Amino acid sequence: NAGVTQTPKFQVLKTGQSMTLQCAQDMNHEYMSWYRQDPGMGLRLIHYSVGAGITDQGEVPNGYNVSRSTTEDFPLRLLSAAPSQTSVYFCASSYATADTQYFGPGTRLTVL
Amino acid sequence: SQQGEEDPQALSIQEGENATMNCSYKTSINNLQWYRQNSGRGLVHLILIRSNEREKHSGRLRVTLDTSKKSSSLLITASRAADTASYFCATDARGGSEKLVFGKGTKLTVNP
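Same order as they appear, the protein sequences are chains R and Z. Note that my numbering has the first sequence beginning at 1, numbered continuously upward. Note that my numbering has the second sequence beginning at 1, numbered continuously upward.
Some hints could be false.
[Unchecked claim] Derived list of chain Z stretches under chain R, where covered just means 3 residues or more per stretch with a C-beta under 8 Å from a C-beta of chain R:
1) 21-33
2) 41-51
3) 102-108
If you're looking for bench data, these hints aren't it; they were derived computationally from the structure. Note that the structure is a prediction, hence the values are computed from the model and not measured. C-beta atoms are modelled at their ideal positions from N, C-alpha and C, and glycine is treated no differently.
Could you put the whole structure together from the sequences, leaning on the hints where they help?
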């Protein structure tokens with residue numbers, strides 16, 4: 001099993017550009033989530049999904065969109081990147097909502 | 001707002017010493033989890049303790065939970081340089097959406 005994979009590992013964007021961060025898991029987990037990690041702020045939940053076709057907002061959803069068309073994939077879209085979105089983004093999955101989370105390696109995003 | 005808050009923010013010890021980190025939270029929980037994050041990596045699950053449990057062990061790790069004080073502690077015994085990492089607690093609020101909320105973490109440095 002590959003576990004949770006994320007691509008790309010690093011990305012530099014200019015303000016206003018759009019991009020999609022990819023996340024995939026091969027553990028047949030129903031629950032998937034996106035976090036951002038900023039220095040001194042810990043992890044903050046952006047969006048999450050309890051199953052294919054179902055998504056909901058977390059603590060800091062503004063500026064981000066998600067969709068969940070399959071159990072395996074949960075992409076995170078930045079429609080118009082802003083410098084405030086410079087961060088490290090982690091995708092996680094689990095069998096149930098508050099169960100043990102399996103994290104991907106992260107995407108380090110810089111918005112200039 | 002963060003449900004769990006770790007204390008101290010940073011801890012530096014010598015190899016062979018024990019390391020204790022604390023987590024306090026605000027509302028009743030179903031379970032509490034501890035995660036480790038090595039520099040530049042994703043989080044790795046260490047241990048989950050349920051609200052009806054008081055203590056749990058896993059190798060050199062010992063976790064306690066005091067629901068009356070809304071606090072938990074993580075003890076790492078006989079620490080090694082490889083234990084150098086950030087440690088996070090995560091809680092899910094009982095009766096809430098059961099989303100996991102992470103604290104800001106304790107940065108542990110184990111000096112050889």
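Comparing the hints with the structure gives:
1. Here the segment 21-33 of chain Z counts 3 residues with a CB under 8 Å from a CB of chain R, which clears the bar of 3, and the coverage holds.
2. Using a Cβ-Cβ cut-off of 8 Å, 6 residues of the segment 41-51 of chain Z lie near chain R, which meets the minimum of three, so the contact claim holds.
3. Taking a C-beta to C-beta cut-off of 8 Å, the segment 102-108 of chain Z contributes 4 residues in contact with chain R, enough for the three needed, and the coverage statement holds.
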